[in-house]
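There are 2 protein chains.
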Amino acid sequence: MSQSFQPPQRTLMGPGPSDVHPRILEAMGKPTIGHLDPAFIGMMDSMKALIQYAFQTNNELTFCVSAPGSAGMESCFVNLLEPGDKAIVCVNGVFGMRMLENVTRCGAKAVRVDDAWGTPVSPDKLEQALQDNPDAKLVAFVHAETSTGVRSDAAALCKLASDHNCLSIVDCVTSLGGIPVDLDTWGADAAYSGSQKCLSCSPGLSPVSFSERAADAVRQRKAPVQSWFLDLNLLLGYWGSGAKRAYHHTAPINALYGLHEALVMLQEEGLEASFRRHRDMHIKLRDGLADLGIAFVVDEPYRLPQLNSVWIPQGVDDAAARQQLLAEYNLEIGAGLGDFAGKVWRIGLMGHSAREENVDLCLRAIKSVIS
Amino acid sequence: MSQSFQPPQRTLMGPGPSDVHPRILEAMGKPTIGHLDPAFIGMMDSMKALIQYAFQTNNELTFCVSAPGSAGMESCFVNLLEPGDKAIVCVNGVFGMRMLENVTRCGAKAVRVDDAWGTPVSPDKLEQALQDNPDAKLVAFVHAETSTGVRSDAAALCKLASDHNCLSIVDCVTSLGGIPVDLDTWGADAAYSGSQKCLSCSPGLSPVSFSERAADAVRQRKAPVQSWFLDLNLLLGYWGSGAKRAYHHTAPINALYGLHEALVMLQEEGLEASFRRHRDMHIKLRDGLADLGIAFVVDEPYRLPQLNSVWIPQGVDDAAARQQLLAEYNLEIGAGLGDFAGKVWRIGLMGHSAREENVDLCLRAIKSVIS
Numbered sequence: 000m001s002q003s004f005q006p007p008q009r010t011l012m013g014p015g016p017s018d019v020h021p022r023i024l025e026a027m028g029k030p031t032i033g034h035l036d037p038a039f040i041g042m043m044d045s046m047k048a049l050i051q052y053a054f055q056t057n058n059e060l061t062f063c064v065s066a067p068g069s070a071g072m073e074s075c076f077v078n079l080l081e082p083g084d085k086a087i088v089c090v091n092g093v094f095g096m097r098m099l100e101n102v103t104r105c106g107a108k109a110v111r112v113d114d115a116w117g118t119p120v121s122p123d124k125l126e127q128a129l130q131d132n133p134d135a136k137l138v139a140f141v142h143a144e145t146s147t148g149v150r151s152d153a154a155a156l157c158k159l160a161s162d163h164n165c166l167s168i169v170d171c172v173t174s175l176g177g178i179p180v181d182l183d184t185w186g187a188d189a190a191y192s193g194s195q196k197c198l199s200c201s202p203g204l205s206p207v208s209f210s211e212r213a214a215d216a217v218r219q220r221k222a223p224v225q226s227w228f229l230d231l232n233l234l235l236g237y238w239g240s241g242a243k244r245a246y247h248h249t250a251p252i253n254a255l256y257g258l259h260e261a262l263v264m265l266q267e268e269g270l271e272a273s274f275r276r277h278r279d280m281h282i283k284l285r286d287g288l289a290d291l292g293i294a295f296v297v298d299e300p301y302r303l304p305q306l307n308s309v310w311i312p313q314g315v316d317d318a319a320a321r322q323q324l325l326a327e328y329n330l331e332i333g334a335g336l337g338d339f340a341g342k343v344w345r346i347g348l349m350g351h352s353a354r355e356e357n358v359d360l361c362l363r364a365i366k367s368v369i370s
Numbered sequence: 000m001s002q003s004f005q006p007p008q009r010t011l012m013g014p015g016p017s018d019v020h021p022r023i024l025e026a027m028g029k030p031t032i033g034h035l036d037p038a039f040i041g042m043m044d045s046m047k048a049l050i051q052y053a054f055q056t057n058n059e060l061t062f063c064v065s066a067p068g069s070a071g072m073e074s075c076f077v078n079l080l081e082p083g084d085k086a087i088v089c090v091n092g093v094f095g096m097r098m099l100e101n102v103t104r105c106g107a108k109a110v111r112v113d114d115a116w117g118t119p120v121s122p123d124k125l126e127q128a129l130q131d132n133p134d135a136k137l138v139a140f141v142h143a144e145t146s147t148g149v150r151s152d153a154a155a156l157c158k159l160a161s162d163h164n165c166l167s168i169v170d171c172v173t174s175l176g177g178i179p180v181d182l183d184t185w186g187a188d189a190a191y192s193g194s195q196k197c198l199s200c201s202p203g204l205s206p207v208s209f210s211e212r213a214a215d216a217v218r219q220r221k222a223p224v225q226s227w228f229l230d231l232n233l234l235l236g237y238w239g240s241g242a243k244r245a246y247h248h249t250a251p252i253n254a255l256y257g258l259h260e261a262l263v264m265l266q267e268e269g270l271e272a273s274f275r276r277h278r279d280m281h282i283k284l285r286d287g288l289a290d291l292g293i294a295f296v297v298d299e300p301y302r303l304p305q306l307n308s309v310w311i312p313q314g315v316d317d318a319a320a321r322q323q324l325l326a327e328y329n330l331e332i333g334a335g336l337g338d339f340a341g342k343v344w345r346i347g348l349m350g351h352s353a354r355e356e357n358v359d360l361c362l363r364a365i366k367s368v369i370s
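So the protein lines, in turn, are chains A and B. Taking numbering that gives the first Met the number 0, the leading residue of the first sequence gets 0, the next gets one more, and so forth. Taking numbering that gives the first Met the number 0, the leading residue of the second sequence gets 0, the next gets one more, and so forth.
Don't read these hints as lab results, they were simulated from the structure. Accuracy of the hints is not assured; some may be wrong.
Identical chains share a label here; the pair holds if one copy fits it or two copies do between them.
Keeping only pairs whose Cα atoms sit at most 25 Å apart, straight-line, the calculated SDA-like set for lysine to any residue is [as the list claims (entries may be wrong)]: (1) K243 <-> V217; (2) K243 <-> G83; (3) K283 <-> D359; (4) K283 <-> D298; (5) K342 <-> R244; (6) K243 <-> N232; (7) K29 <-> S3; (8) K283 <-> P179; (9) K29 <-> N329.
Kindly produce the complete structure, drawing on both the sequences and the hints.
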């Protein structure tokens, strides 16, 4: 016979999930109600407004995909691309690579703009690619690369896309709530995030937003969206406005309770205060790591405060050290991905994890396992 | 400023979500841990075994899609179909229609076998379609049509598919845990369910299972799976066996805690006892509704005990009556879908909702709103 699962109490300082505040855990345990219950529809309206606040957008087409950030990414590509379209994808880490995969699986042609892992997307290279590909329909890039800890200049990249009459898709999975995300100022056309990073909720949900220009592109499609589950035209019958909502899929009720509470808490703190807290904790961590002789992968101007990629000190066994952090300190930090596997640690300071006590624990624990 | 959401306490007797047991709500509120934490991987292994038990299968390829049943459905079609393939889809309600949509969005050709809403899929018609289409690759049908309350003969339909060298996809969303589901005895090749029906968990997750024959078909594909998020080849790096798991997407940790607990409870009760309870509560409800002069849509041999479709009594305003049930009794029952909108109510007796006190409340409340 299988037993009930009792999770250990960890401190989550990897690339997400981050620590989930007790208020959010409590919200997820509240009584389940129906996905067409008037009370639930009221909650959905409130959530739309909260996601608009987080993304700093007035986009009407703002809601939550009922699946993790990877599905949020896919929802942007399958709705905006048709077979034969051309998309420029900026690749400077794992999630740019995943965008490429999405483009080709839509039957579209991908033009790849590469930058080295650990460096930001180069606006100059993107501009060149746009000039070389006047038939491109969209530009996709990652604002905050979770695999490297790099921030790219979303405003500049969106503007280039728009100047060349392209739509833009921006991955805001790790940025939302941790550093400024300003969809309307940027002129971004589609953006997605995840619940488990700086929003500090449990994983499994993806807030998304689409501009009016993106919505037009979806309406003007010739081919049906290849995913029934992610088809914006259908989803809007459920997430649209007004009291009358059409059943599409059964929404993940309790998970949405959690995300709603996480967004209420973000609004209570305020975006600016949240950004400041992430920055302050990053500086504290950075100074502590410097004392331990641990160096950052990313140059200072492009560093994400919420995702700190550092070189594993020479002579330290990656897996053994992380296992020791987990066993002795109940502390999770992230391994390197792809090219950085075995060479890099990723220390997350996201949402509720961006706290003094977490930074203190992390520095104390790392000091002990590397010495 | 947005406020924290306080859901009302409902009794859920619609087509799902069903009432969620307090043990499951509590499980969803436990501390979040990482999706690659060794403790979490142990929970995933336990969940695989529990899903195998629920589906009565030894299929190695048994796991949980990190999204609702609609995505579970899509995962079966996008993995097993390639552009140009031919699929026979049996349609006797909304979810057969949705299967059709999935086939065409995969670029495959659908052959439609229709039966009237409220009646089961006809094995004779399927056999004819198989004879007429020797080039068909698969057969898809719904075991328990949530839109009508009809049970089809899954064993017979899977055998026909297999006899004609076709793969089979079976929608077990509403059947799993409520009536016998025997994938291995049936010889089914792919099946999906949902967390929010007879498993009585919160919505948002889809247990799935694939036979070795289905896995071979996926391995032999020429075209890549059109969905990155649902690609079985990639998912298995995470849900496969052994201690080493590759990151694919970030799993919905707390939602999976809930489903694990729901499956532990199903195993504690035992499948046979759960089926008996659903049957007993159905008989009690049926007798009570007969006393109120309310007639069933579906003939007795094909009725699902867990989803009772009944004709709305003449002179009763559908929407007003359901609103009154919600307002005065905190009771949710389901509206009719598609052809049955405005004519039919769907009363769910699923999982934790299949209890004496729920049946009593439902009969008392319906009596008051129709008189």
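Hints versus structure:
no. : hint          : result
1   : K243 <-> V217 : within (23 Å within a copy, 40 Å between copies)
2   : K243 <-> G83  : neither (37 Å within a copy, 38 Å between copies)
3   : K283 <-> D359 : within (9 Å within a copy, 61 Å between copies)
4   : K283 <-> D298 : within (17 Å within a copy, 70 Å between copies)
5   : K342 <-> R244 : between (50 Å within a copy, 19 Å between copies)
6   : K243 <-> N232 : within (16 Å within a copy, 40 Å between copies)
7   : K29 <-> S3    : both (19 Å within a copy, 12 Å between copies)
8   : K283 <-> P179 : within (20 Å within a copy, 58 Å between copies)
9   : K29 <-> N329  : between (28 Å within a copy, 16 Å between copies)
When each numbered hint is compared with the structure, a violation occurs for hint 2 only.
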